[in-house]
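Here are the chains, one letter per residue:
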Amino acid sequence: MTGLPFPEYLSAYSEELIGGFQRHLLLSVYVLIIATIVGVVLGMLVYRNKLAAAASIGALAVWFTIPSIALFGLFVPIFGFGLATGYPVITMYGLLPVLRNTIAGLNSVDAPTLDAARGIGMGRFRILWQIELPLAWPVILAGIRVSGQLIVGLVAIGAYVGVTGLGEMLFNALQNLGSTNTFNAAVAGTLLIAIIALLLDAAFVLIRRFSTPKGIRV
Amino acid sequence: MSESATTTTSGASRQTEGGGVPIVLDGVTKRYPGTDSAAVDDIHLDVAPGDIVMLVGPSGCGKTTTMRMINRLIEPTSGRILIDGEDVLSLNDVKLRRTIGYVIQQIGLFPHLTIESNVAMVPKLLGWDKSRTSKRVAEMLGVVGLDPGEFGHRYPRQLSGGQQQRVGVARALAADPPIMLMDEPFGAVDPITRTKLQDEFLNLQQRLKKTIVFVTHDFDEAVKMGDKIAVLDKGSRIAQYATPEEILTSPADDFVAGFVGHGATLKRLQLERLDSLDLHPAEEAEAGIEPLPIRSTLHDVLDAMIADGLDAVPVASDGKIIGTVTLEDLLGRVRELRAEADARTGGSAGSRPGATPGTTPDPDLEAGTHQGRQE
Numbered sequence: 001m002t003g004l005p006f007p008e009y010l011s012a013y014s015e016e017l018i019g020g021f022q023r024h025l026l027l028s029v030y031v032l033i034i035a036t037i038v039g040v041v042l043g044m045l046v047y048r049n050k051l052a053a054a055a056s057i058g059a060l061a062v063w064f065t066i067p068s069i070a071l072f073g074l075f076v077p078i079f080g081f082g083l084a085t086g087y088p089v090i091t092m093y094g095l096l097p098v099l100r101n102t103i104a105g106l107n108s109v110d111a112p113t114l115d116a117a118r119g120i121g122m123g124r125f126r127i128l129w130q131i132e133l134p135l136a137w138p139v140i141l142a143g144i145r146v147s148g149q150l151i152v153g154l155v156a157i158g159a160y161v162g163v164t165g166l167g168e169m170l171f172n173a174l175q176n177l178g179s180t181n182t183f184n185a186a187v188a189g190t191l192l193i194a195i196i197a198l199l200l201d202a203a204f205v206l207i208r209r210f211s212t213p214k215g216i217r218v
Numbered sequence: 001m002s003e004s005a006t007t008t009t010s011g012a013s014r015q016t017e018g019g020g021v022p023i024v025l026d027g028v029t030k031r032y033p034g035t036d037s038a039a040v041d042d043i044h045l046d047v048a049p050g051d052i053v054m055l056v057g058p059s060g061c062g063k064t065t066t067m068r069m070i071n072r073l074i075e076p077t078s079g080r081i082l083i084d085g086e087d088v089l090s091l092n093d094v095k096l097r098r099t100i101g102y103v104i105q106q107i108g109l110f111p112h113l114t115i116e117s118n119v120a121m122v123p124k125l126l127g128w129d130k131s132r133t134s135k136r137v138a139e140m141l142g143v144v145g146l147d148p149g150e151f152g153h154r155y156p157r158q159l160s161g162g163q164q165q166r167v168g169v170a171r172a173l174a175a176d177p178p179i180m181l182m183d184e185p186f187g188a189v190d191p192i193t194r195t196k197l198q199d200e201f202l203n204l205q206q207r208l209k210k211t212i213v214f215v216t217h218d219f220d221e222a223v224k225m226g227d228k229i230a231v232l233d234k235g236s237r238i239a240q241y242a243t244p245e246e247i248l249t250s251p252a253d254d255f256v257a258g259f260v261g262h263g264a265t266l267k268r269l270q271l272e273r274l275d276s277l278d279l280h281p282a283e284e285a286e287a288g289i290e291p292l293p294i295r296s297t298l299h300d301v302l303d304a305m306i307a308d309g310l311d312a313v314p315v316a317s318d319g320k321i322i323g324t325v326t327l328e329d330l331l332g333r334v335r336e337l338r339a340e341a342d343a344r345t346g347g348s349a350g351s352r353p354g355a356t357p358g359t360t361p362d363p364d365l366e367a368g369t370h371q372g373r374q375e
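Read top to bottom, the protein sequences are chains A and B. For the first sequence, counting from 1, position 44 maps to 44 in our numbering; every step adds exactly one. For the second sequence, counting from 1, position 88 maps to 88 in our numbering; every step adds exactly one.
Worth double-checking, as some hints may not be accurate.
Covered stretches of chain B (in silico footprint by chain A; criterion: 3 or more residues with CB under 8 Å from a CB of chain A, positions within the stretch not fixed) [to be verified]:
no.	segment
1	118-126
2	154-163
3	289-303
None of these hints come from the bench; they were simulated from the model. Glycine included, each C-beta is placed from N, C-alpha and C at the ideal position.
Chain A on its own, in the form it takes in the complex:
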């Protein structure tokens, strides 16, 4: 173990660390937003059709079983090195929890509620927007939250294909372990990624609190 004591390392490299932290957080949030939009919209399109729902979940589940490193490797020749590969691949991983929970949530709205909604003259789209989505929201949000955790980790691994979050620093440090400050860098990178994950999670607790309709809050 060589290099500065940890606290001094932190203050000496603070600019770099903060920059990495910001990039990692923002990248994660961007990917999560895209995964959420795509996942929820896709879920709304397929949830009424059992076959389409099963097919879309199945396809993403297959994707999910493939290790991310392998997929990054597969797509680099096509999209090149950098975010062009990182973004879509990570988004695809993040889609599964969102899609699965969107479909499950929308289908969990109980039949009498829907029957009443139809019976008093609400149209298809209005029922989805005013009844099903609000009632499914806690379930969908839980999916987005899981997806968020997943994405924070994958953004780190994305460093292999040039996704410039904290992963870059972490993997550099691990490859050169023993060199000056590498241990510090590894610890700092790991801690910061964990902090991002915790921050995101805390954010979801708040979002859940304020966005869940009062009548169904537990």
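Fit chain B to the known structure of chain A by using the hints.
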């Protein structure tokens, strides 16, 4: 709730309601693909404006399907459904449903919306402005006996089952539809609440005069609530379509008689009120007997007589004793009803089991009614 009482009455009296419109089912059939027999087979039914028509029959007879075709939650395979002379199949189904009140057993309130928002849903769909909607919502909550100030901002899960169904009825009535469809609306609440809701709804209907198609499997409910009852057999075949009185005194066939069940005569007495009898003078009344109100049914009178071992009971109107009724009066009235029924059907009703008053022991009379009284 003391404040709410005033809101309720003033809200109710202010109300102006349009009455009902006629409904005609003309050869309506529903056949699901891949099934041999039709769920609803060529049903013809005329519902007069302002009437409550009870669709009653065993499970799977197609009564709910029949009802749900009226607001096109289920599309008929063939036939015509006319509401106020207009074929509903030619209308936009979603817009059609906004003009038809809909109440179901499971209530189906929107759990994420306040009671107010639930009731306001149809007026909103119809594009009413905010002030008209909120006025109407408060009025309707009052009509169903819920204080708008106390309940308006609550959520469905904070209400009891009975209160929720009151909201369900208020939601259905909110846009003042001429027609109501009700699918076992009081089936999921406890018996005491059910009786209360039934009574209140009947009172409400006296004023509203909606045309109501009401599905139930409970024949007693049909007798109590219905202006007319359609007894349905498999495939929604109408076994009999008549007033409760007619069905009780002269069931069309064995199926209907079986559905009416035991104690038809006693049920018939539930439809007769004391004011249909000529009372004996009040002087004949024995002192010390609790008088019965003039609005009591003959069933209540008989029940009181049996419970207390009396053969004469005083009758009161507005707390004043106005006469006496005797057991012999009751039996006389029953004989009259039998004679009327026999005249209508040419004597066939006489062979019906359990229809001979006074001689055949009736299970209701021996067990149920008496025990109920002893509690």
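The hints, checked one at a time:
1. A stretch counts as covered by a chain when three or more of its residues have a beta carbon under 8 Å from one of that chain; for the segment 118-126 of chain B and chain A the count is 3, and the coverage holds.
2. For the segment 154-163 of chain B, the assignment as covered by chain A holds, since 3 residues bring a beta-carbon within under 8 Å of that chain's beta-carbons and 3 suffice.
3. Counting residues of the segment 289-303 of chain B whose CB lies closer than 8 Å to any CB of chain A gives 0, so the stated coverage by that chain is violated, three being the minimum.
Checked against the numbered hints above, the structure violates only hint 3.
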